[in-house]
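Chemist: Just so you know, the protein sequences line up as chains A and B, in that order.
Plus 346 on top of the position in the first sequence (first one is 1) and you've got the numbering used here.
Plus 5 on top of the position in the second sequence (first one is 1) and you've got the numbering used here.
Derived by calculation from the structure, the hints in this document are not laboratory data.
Computed from a predicted structure; not experimentally measured.
Careful, some of the hints might be misleading.
Stated by the list, open to error - Now the in silico label distances, taken between C-beta atoms and shown as ranges:
id : chain 1 : residue 1 : chain 2 : residue 2 : range
1  : B       : SER32     : A       : GLU354    : 36 to 42 Å
2  : B       : ARG68     : A       : THR416    : 40 to 46 Å
3  : B       : PRO66     : A       : ALA399    : 34 to 40 Å
4  : B       : PRO66     : A       : CYS364    : 40 to 46 Å
5  : A       : THR416    : B       : GLY21     : 47 to 53 Å
6  : B       : LEU44     : A       : ASP401    : 20 to 26 Å
7  : A       : GLU354    : B       : VAL117    : 26 to 32 Å
8  : A       : PRO356    : B       : LEU88     : 23 to 29 Å
9  : B       : SER70     : A       : ALA363    : 32 to 38 Å
10 : A       : SER349    : B       : LEU44     : 30 to 36 Å
In this text, a Cβ means the ideal position worked out from N, Cα and C, and glycines have one as well.
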Amino acid sequence: GDSVTQMEGPVTLSEEACLTINCTYTATGYPSLFWYVQYPGEGLQLLLKATKADDKGSNKGFEATYRKETTSFHLEKGSVQVSDSAVYFCALKSNAGNNRKLIWGLGTSLAVNP
Amino acid sequence: ETGVTQSPTHLIKTRGQQVTLRCSSQSGHNTVSWYQQALGQGPQFIFQYYREEENGRGNFPPRFSGLQFPNYSSELNVNALELDDSALYLCASSSQGALGAFFGQGTRLTVV
Numbered sequence: 347g348d349s350v351t352q353m354e355g356p357v358t359l360s361e362e363a364c365l366t367i368n369c370t371y372t373a374t375g376y377p378s379l380f381w382y383v384q385y386p387g388e389g390l391q392l393l394l395k396a397t398k399a400d401d402k403g404s405n406k407g408f409e410a411t412y413r414k415e416t417t418s419f420h421l422e423k424g425s426v427q428v429s430d431s432a433v434y435f436c437a438l439k440s441n442a443g444n445n446r447k448l449i450w451g452l453g454t455s456l457a458v459n460p
Numbered sequence: 006e007t008g009v010t011q012s013p014t015h016l017i018k019t020r021g022q023q024v025t026l027r028c029s030s031q032s033g034h035n036t037v038s039w040y041q042q043a044l045g046q047g048p049q050f051i052f053q054y055y056r057e058e059e060n061g062r063g064n065f066p067p068r069f070s071g072l073q074f075p076n077y078s079s080e081l082n083v084n085a086l087e088l089d090d091s092a093l094y095l096c097a098s099s100s101q102g103a104l105g106a107f108f109g110q111g112t113r114l115t116v117v
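With these hints in hand, go ahead and build the complete structure from the sequences.
Modeler: Below is the structure:
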């Protein structure tokens, strides 16, 4: 079945460091891909998305490119801030058949120190 | 703020009891999905409702049931609570066919 694999955390960085959180997926067909962020004590927020190969999603300085050849959707940011400390989830939604659900990775916790 | 509200925010129940969690979807959204997120895990899909009918279900037993009302708000009911049901329960609303979903803040359920 469809699945998402994320790099394990926690990830600890200093402010202004570069961030990469790896995400790879297994899916039939051409899924849509998402990054969600969960700040402490809050619900999930959609960070960015991409719907087809080579699409680049971007938001708040974060970027991720849909790479079909490597089945990846790595999250990147050039300069992280303390306020970026959160848990980041990679997810996919199959576009095949009647699939209605988002399939999630386990999440990667990011802590940014001043 | 996404406009998806869940109540209550926290809840403590005893094993064997029943619980009802509520979700008001964002205006204009006719689809509600429920997820269970155990501590340190990603969300797991419970089920989805579209126009008051169940429209997909994950791998959860029948004691997890739901409703969607004409105003598209929704309830999640869990009977015969077990300790392992302790988790954050998330509600997400969307328009049918839309890609992204908007999540509420969740209800933290603790079963003792």
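Chemist: Taking the hints in turn, state whether each one holds.
Modeler: How the hints compare with the structure:
1. SER32(B) / GLU354(A): 36 to 42 Å: Since the Cβ atoms of SER32(B) and GLU354(A) sit about 38 Å apart, the hinted range of 36 to 42 Å holds.
2. ARG68(B) / THR416(A): 40 to 46 Å: Given about 41 Å between the Cβ atoms, the range holds.
3. PRO66(B) / ALA399(A): 34 to 40 Å: holds, 38 Å
4. PRO66(B) / CYS364(A): 40 to 46 Å: holds, 44 Å
5. THR416(A) / GLY21(B): 47 to 53 Å: holds, 48 Å
6. LEU44(B) / ASP401(A): 20 to 26 Å: Since the Cβ atoms of LEU44(B) and ASP401(A) sit about 33 Å apart, the hinted range of 20 to 26 Å is violated.
7. GLU354(A) / VAL117(B): 26 to 32 Å: Hint holds: Cβ distance 30 Å, inside 26 to 32 Å.
8. PRO356(A) / LEU88(B): 23 to 29 Å: holds, 26 Å
9. SER70(B) / ALA363(A): 32 to 38 Å: violated, 46 Å
10. SER349(A) / LEU44(B): 30 to 36 Å: Distance hint for SER349(A), LEU44(B) is violated at roughly 21 Å.
Consistency note: the structure conflicts with the earlier hints numbered 6, 9 and 10.
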